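Enquirer: Chains as they are written, first to last, in our numbering: chain A, 1 to 255; chain B, 1001 to 1382; chain C, 2001 to 2287.
Among the clues, some could well be false.
[Claimed, not checked] Across the chosen pairs, the derived CB separations fall in these ranges: (1) C:Phe2281 to A:Ser78: 38 to 48 angstroms; (2) C:Glu2025 to B:Lys1183: 57 to 67 angstroms; (3) C:Gly2077 to B:Ser1106: 15 to 25 angstroms; (4) C:Lys2166 to A:Glu253: 55 to 65 angstroms; (5) A:Glu253 to C:Ile2029: 48 to 58 angstroms; (6) B:Glu1367 to C:Gly2077: 36 to 46 angstroms; (7) A:Arg156 to C:Ile2029: 37 to 47 angstroms.
[What the hints assert, rightly or not] List of simulated lysine to aspartate or glutamate pairs, EDC-like, C-alpha gap at most 20 angstroms: (8) C:Lys2027 to B:Glu1103; (9) C:Lys2020 to B:Glu1058; (10) C:Lys2027 to C:Glu2116; (11) B:Lys1295 to B:Glu1103; (12) B:Lys1198 to B:Asp1071; (13) B:Lys1037 to B:Asp1021; (14) A:Lys33 to B:Glu1058; (15) B:Lys1010 to B:Glu1298; (16) B:Lys1008 to B:Glu1213; (17) B:Lys1026 to B:Glu1219; (18) C:Lys2166 to C:Glu2094; (19) B:Lys1374 to B:Glu1199; (20) B:Lys1295 to A:Asp32; (21) C:Lys2078 to C:Asp2100; (22) A:Lys141 to B:Glu1300; (23) C:Lys2097 to B:Glu1103; (24) B:Lys1323 to C:Glu2094; (25) A:Lys224 to B:Glu1298; (26) A:Lys226 to B:Glu1015; (27) B:Lys1294 to A:Asp246; (28) A:Lys181 to B:Asp1222; (29) A:Lys181 to B:Glu1058; (30) A:Lys141 to A:Glu106; (31) C:Lys2268 to B:Glu1103; (32) A:Lys69 to A:Glu42; (33) B:Lys1323 to A:Asp246; (34) A:Lys226 to B:Asp1071; (35) C:Lys2099 to C:Asp2177; (36) B:Lys1094 to B:Glu1219; (37) B:Lys1294 to A:Asp26; (38) A:Lys10 to A:Glu72.
In short, the hints are calculated from the structure, not lab data.
Predicted model, so just to flag it, every value in this text is computed and none were measured.
Every residue, glycine too, gets a C-beta built ideally from N, C-alpha and C.
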Amino acid sequence: MVMKKLAVWKFTSCDGCQLSLLDLEDELLEIDKNFVISYFLEASSRSPDPPFDISLVEGSITTEEAKRKIIEIRNHSSILITIGACATAGGIQALRNFASLQTAKERVYPQPELINVLPTSLPISQYVQVDYELQGCPINKQQLLSVLYSFLFGFRPSLNSGSVCMECKMRGTPCVMVSSKTLCLGPVTHAGCGAICPSFGRGCYGCYGPKETPNSPSLSRWAKEKLSIESTVLKQAFHTFNCIADGFKRFDEED
Amino acid sequence: MARFGSNKFKITKRELQSILDALKRKGFKTIGPTVSKDAIVYEEIDSLNDLPIGIGDEQEAGSYRLKKRTDATLFGFASSPHSWKQFLFPAQEKIFSIHQPTEKTSPPLIDPSVRQDPPLAFIGVRSCDLQAIAIQNRVFLEGPYSHAGYKSKAKGLFILAVNCAYPSATCFCSSMGTGPRAKSGFDLLVTEILNGQKEPFYLIEAGSSQGEEIIAQIEKTDATEEDLKKEKDVIQNAEKQIHRRIETQGIKELFYNNLQHPRWEEIAQRCLSCANCTFVCPTCFCSTLIDIPKKAQEIERWMVWDSCFTLNFTHTPAGSVRKSVLSRYRQWMTHKLASWIDQFGISGCVGCGRCITWCPVGIDITEEAEIIRKTSPVKTPS
Amino acid sequence: MKAKECQFVAEPPDSILLPKAFIIEKKVIECSRVVSLWIAPLEKNECAFKPGQFLMVYVFGVGEAAISLAGNGGDQGKYFLTVRAVGSVTRAIEQAKEKDILGIRGPFGNGWPIQEASTKDILLIAGGIGLPPLWSTIPFFLQNRSRYGRISLLYGVRTPQDILYKDKLESLSKGKDISVKIAVELATARTWNGHIGNVLNLISHAQFSPPSTIVFVCGPEPMMRFCAYTLLKYGIAKEHIYFSMERNMRCAIGSCGHCQFGPLFLCKNGPVFSYQTIEPFLNIAEI
Chain A
1 MVMKKLAVWK FTSCDGCQLS LLDLEDELLE IDKNFVISYF LEASSRSPDP PFDISLVEGS
61 ITTEEAKRKI IEIRNHSSIL ITIGACATAG GIQALRNFAS LQTAKERVYP QPELINVLPT
121 SLPISQYVQV DYELQGCPIN KQQLLSVLYS FLFGFRPSLN SGSVCMECKM RGTPCVMVSS
181 KTLCLGPVTH AGCGAICPSF GRGCYGCYGP KETPNSPSLS RWAKEKLSIE STVLKQAFHT
241 FNCIADGFKR FDEED
Chain B
1001 MARFGSNKFK ITKRELQSIL DALKRKGFKT IGPTVSKDAI VYEEIDSLND LPIGIGDEQE
1061 AGSYRLKKRT DATLFGFASS PHSWKQFLFP AQEKIFSIHQ PTEKTSPPLI DPSVRQDPPL
1121 AFIGVRSCDL QAIAIQNRVF LEGPYSHAGY KSKAKGLFIL AVNCAYPSAT CFCSSMGTGP
1181 RAKSGFDLLV TEILNGQKEP FYLIEAGSSQ GEEIIAQIEK TDATEEDLKK EKDVIQNAEK
1241 QIHRRIETQG IKELFYNNLQ HPRWEEIAQR CLSCANCTFV CPTCFCSTLI DIPKKAQEIE
1301 RWMVWDSCFT LNFTHTPAGS VRKSVLSRYR QWMTHKLASW IDQFGISGCV GCGRCITWCP
1361 VGIDITEEAE IIRKTSPVKT PS
Chain C
2001 MKAKECQFVA EPPDSILLPK AFIIEKKVIE CSRVVSLWIA PLEKNECAFK PGQFLMVYVF
2061 GVGEAAISLA GNGGDQGKYF LTVRAVGSVT RAIEQAKEKD ILGIRGPFGN GWPIQEASTK
2121 DILLIAGGIG LPPLWSTIPF FLQNRSRYGR ISLLYGVRTP QDILYKDKLE SLSKGKDISV
2181 KIAVELATAR TWNGHIGNVL NLISHAQFSP PSTIVFVCGP EPMMRFCAYT LLKYGIAKEH
2241 IYFSMERNMR CAIGSCGHCQ FGPLFLCKNG PVFSYQTIEP FLNIAEI
């Protein structure tokens, strides 16, 4: 088996998704048997040494420099995989896409002219071709392992894209929305986390982003009419880590 | 059934507990209802004190609440978010591990999972769920191939059934012919009868030789005429509390003739395709096989629950066959109420109402069936 | 106090879900993205197959795919498959090399109704990658040729490069037993010597008597549907037209629910169905 060269890159993000790779602990030794970790700033100060077989990219694009860098990474990588909500959906920092960057700068910084950023935070796929997107905030490390092994064999992984509700029911957690009036984004959220939050009595936060064909307007309508959830609360629920993703950006039928 | 139908006995909670103890001594894993996280779920129980004593439920479309009762009933509630299928057909089960030698030309080593399933005893099974188990027996065990995992777990299954006394608003077993009175498929059948200020007492009958064997071991008295009358009242009262219904006459033709009814579009506006209904349904049986890599050379193949509501479910090289949520909801409902009859000779729906209660947006299968019947352009005899 | 787990039921493993190891004895590239494989079991394989059945082919690390059987691999217990790379698993199969090991389950399915074809004229109509499942019937017809009437194989492809089994087809056309006609949709007189156009146009050139003709069709679903309309116009009965349908296939043993088409399970009731059986559902979108 030929060793594959792996590089891990970070843009605007919290580092949590890269950390998932290190969180693999024992399984990292297995990874080491098949991959040469050529560049991974969080783990080693080794300089990048292109070309790469697989590049894992975390974080969204928010500066001109990042735009240039991602294109360079794309050119040097056979496979480019985006990991986490920032890279796949723009992250929570994409909230600035809804507002005026100039106003925000002026409110926060004494010398706003020194802050040189793009007015938007956008996912990697808006700038370069992406070969696979692993959703999550943070990503599920077992899914990362699955994805790495799949590409090791040279094939696209096929992870489940059903709802968080499916995972909740599989572990036997009674629905928090139905048994107490807790707002839960589970029915419109992509599976992957194992439905952790509802098992603690909290509604799903939508960390993994929208599932396929999400029906957020229907969920919103029910939340407002039957669970007495206010519009502001609903907005706060949908506009988090995946705020600009289709299905979460516009979640109300009035939009 | 005629063999065991007539001998009814009267026992107290103490004798019921001794039945539970006898089952445990025989090595059964006893599973029954218990309160957990604001709901009544099915888990392993040790004693009758684990049951939801004096607890009832209030269910409506998209809503489930527990409530305190003014008595000490053990079975004062209706259906649970759990069904018994999770024990016979678990949500996730490993089929085999496969180890690939580094040489691709050497055969991989397959290590199949060896089953070690202790015999199960279900305590407190309602009539609707008895029918659901019978349906899944037919689905998984009757030819051409049987589901080995299900077969292993269903072997030696002991069922202590309970006649429903307090159906919820979402129950509709009577119109589906599956309750509230349990008719068959149990080893023991119990009816809980309120007794004023005292603890409830229980009428018990055997439904199999295994059940007879257990009854023979406990202290009991013969049920009196008065006791039998009280039991009859309990059942009749239960029947009166059931308001939802599905008209089943000609239902197969009704759905086959209405695959393009405009109502599907209306439902699709509301349906979240979240798959909750399929996972709480006691008869839904769909699964998928997935490969989980453990190491670069080692993979585990698992069978996990799957739902016709996912886009991937009908994936083909030309794309998914059922792309729209409309087509997926239509598939579920027509399969459940119509195609199932062609496939297995009986309806797939037992009227437990779980899909109505646990739908996050309260879509009601009984309401939709009625609307389609009333507005069907093709008249179906009813 | 938990119940003593002293009693347990040890069952034999679900052998029907365990793949058996087969080695790729020979591989031939048919055309772009399409390969043919001859595979042999590592351990004795008793499974004879019926034409029209399929196998579940497992590639380590990638997954399983349903592949129609195109023939026996020369000997009892061996198989001949033709695979087009359209997804992860089929691409992995396409890229496999001779001596690689594949996992095989099956054969599954009902197969073509060969017995019903007795004394009748037979039309075998194949569209593109639909040829291999029909090809599996040829040895059965040739073995007892006198039992059947006139047999025609009508095969349609998009371009001349897409023609599969060129040698086999040529050799078959030389014989008198089966009439072979090929239609190419995208071609000019320079690139293709024979019929240019849709495979359905070949029907009028075939020799058959509609009241006693049976038809086996395999190809993309729209092609099969139009084929049926054409055949009905010729007066062939609905119950004598057979399709091989395709849906998502997982367990292949009737328990996972993926392959359902209306009330029919493709794995245990099909994949071959008469037009009469499937007509009510065939024209409903997304059924």
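Enquirer: Hint by hint, say whether it matches the structure.
Expert: Status of the hints after comparison with the structure:
1. Between C:Phe2281 and A:Ser78 the Cβ separation comes to about 44 angstroms, which falls inside the hinted range of 38 to 48 angstroms.
2. For C:Glu2025 and B:Lys1183, the Cβ-Cβ distance of about 58 angstroms falls inside the hinted range of 57 to 67 angstroms, so the restraint holds.
3. Between C:Gly2077 and B:Ser1106, the C-beta spacing of about 20 angstroms keeps the proposed range 15 to 25 angstroms intact.
4. Between C:Lys2166 and A:Glu253 the C-beta distance comes to about 58 angstroms, which sits within the given range of 55 to 65 angstroms.
5. Separated by about 53 angstroms at the C-beta atoms, A:Glu253 and C:Ile2029 satisfy the suggested range of 48 to 58 angstroms.
6. Our hint of 36 to 46 angstroms for B:Glu1367 and C:Gly2077 is violated, since their Cβ atoms are close to 56 angstroms apart.
7. Look at A:Arg156 against C:Ile2029: about 22 angstroms separates their beta carbons, and that is not inside 37 to 47 angstroms.
8. The hinted pair formed by C:Lys2027 and B:Glu1103 meets the criterion: a straight-line CA distance of about 19 angstroms does not exceed 20 angstroms.
9. In summary, the hint linking C:Lys2020 to B:Glu1058 is not supported, as the alpha carbons are separated by about 52 angstroms, beyond the 20 angstroms threshold.
10. Using a Cα cut-off of 20 angstroms, the hinted pair C:Lys2027 and C:Glu2116 is violated, with the two alpha carbons roughly 34 angstroms apart.
11. Proposed proximity of B:Lys1295 and B:Glu1103 is supported: the alpha carbons are some 16 angstroms apart, at most 20 angstroms.
12. Of the pairs offered as hints, the one joining B:Lys1198 and B:Asp1071 holds, with about 9 angstroms between alpha carbons and a cut-off of 20 angstroms not exceeded.
13. With a C-alpha separation of about 27 angstroms, the suggested pair B:Lys1037 and B:Asp1021 falls outside the 20 angstroms cut-off, and the hint is violated.
14. Annotation: proposed proximity of A:Lys33 to B:Glu1058 is violated, straight-line Cα distance about 57 angstroms (limit 20 angstroms).
15. At most 20 angstroms may separate the alpha-carbon atoms for a hinted pair to count; B:Lys1010 and B:Glu1298 exceed this at roughly 57 angstroms.
16. Among the hinted pairs, B:Lys1008 with B:Glu1213 is consistent with the structure: their alpha-carbon atoms are about 14 angstroms apart, no more than 20 angstroms.
17. At roughly 19 angstroms between alpha-carbon atoms, B:Lys1026 and B:Glu1219 fall within 20 angstroms of each other, so this suggested pair holds.
18. Pair hint C:Lys2166 plus C:Glu2094 holds up; C-alpha atoms about 19 angstroms apart against a cutoff of 20 angstroms.
19. For the given pair, B:Lys1374 sits about 47 angstroms from B:Glu1199 by alpha-carbon distance, which is inconsistent with the 20 angstroms threshold.
20. For the hint linking B:Lys1295 to A:Asp32, the alpha-carbon distance of about 11 angstroms falls within 20 angstroms, and the restraint holds.
21. A threshold of 20 angstroms between alpha carbons decides the hint, and for C:Lys2078 with C:Asp2100 the separation of about 15 angstroms falls inside it, so the pair holds.
22. For the given pair, A:Lys141 sits about 17 angstroms from B:Glu1300 by alpha-carbon distance, which is consistent with the 20 angstroms threshold.
23. A distance of roughly 12 angstroms separates the Cα atoms of C:Lys2097 and B:Glu1103; the hinted pair therefore holds under the 20 angstroms criterion.
24. Under the criterion of a C-alpha separation no larger than 20 angstroms, the hint pairing B:Lys1323 with C:Glu2094 is inconsistent with the structure, at around 28 angstroms.
25. Between the alpha carbons of A:Lys224 and B:Glu1298 the distance comes to roughly 48 angstroms, so the proposed pair goes past 20 angstroms and is violated.
26. Simply put, A:Lys226 and B:Glu1015 have alpha-carbon atoms about 45 angstroms apart, too far for the 20 angstroms limit, and the pair is violated.
27. For the proposed pair B:Lys1294 and A:Asp246, the alpha carbon gap of about 33 angstroms is over 20 angstroms, so the pair is violated.
28. Restraint check: the Cα-Cα separation between A:Lys181 and B:Asp1222 comes to about 47 angstroms, which exceeds 20 angstroms; the hinted pair is violated.
29. Using a Cα cut-off of 20 angstroms, the hinted pair A:Lys181 and B:Glu1058 holds, with the two alpha carbons roughly 14 angstroms apart.
30. For the proposed pair A:Lys141 and A:Glu106, the alpha carbon gap of about 39 angstroms is over 20 angstroms, so the pair is violated.
31. About 36 angstroms separates the Cα atoms of C:Lys2268 and B:Glu1103, which puts this hinted pair outside 20 angstroms; it is violated.
32. Restraint check for A:Lys69 and A:Glu42: the C-alpha separation of about 18 angstroms stays at or below 20 angstroms, so the hint holds.
33. For the suggested pair B:Lys1323 and A:Asp246, the alpha carbons sit about 17 angstroms apart, so the restraint of at most 20 angstroms is met.
34. Using a Cα cut-off of 20 angstroms, the hinted pair A:Lys226 and B:Asp1071 is violated, with the two alpha carbons roughly 31 angstroms apart.
35. Restraint check for C:Lys2099 and C:Asp2177: not satisfied, since their Cα atoms lie roughly 35 angstroms apart, outside the 20 angstroms limit.
36. For a cut-off of 20 angstroms, the pair hint linking B:Lys1094 to B:Glu1219 is broken: about 44 angstroms separates their Cα positions.
37. Under the criterion of a C-alpha separation no larger than 20 angstroms, the hint pairing B:Lys1294 with A:Asp26 is consistent with the structure, at around 11 angstroms.
38. For the hint pairing A:Lys10 with A:Glu72, the CA-to-CA distance comes to about 14 angstroms; that is within 20 angstroms, so the pair holds.
Checked against the numbered hints given earlier, the structure breaks hints 6, 7, 9, 10, 13, 14, 15, 19, 24, 25, 26, 27, 28, 30, 31, 34, 35 and 36 and satisfies all the rest.
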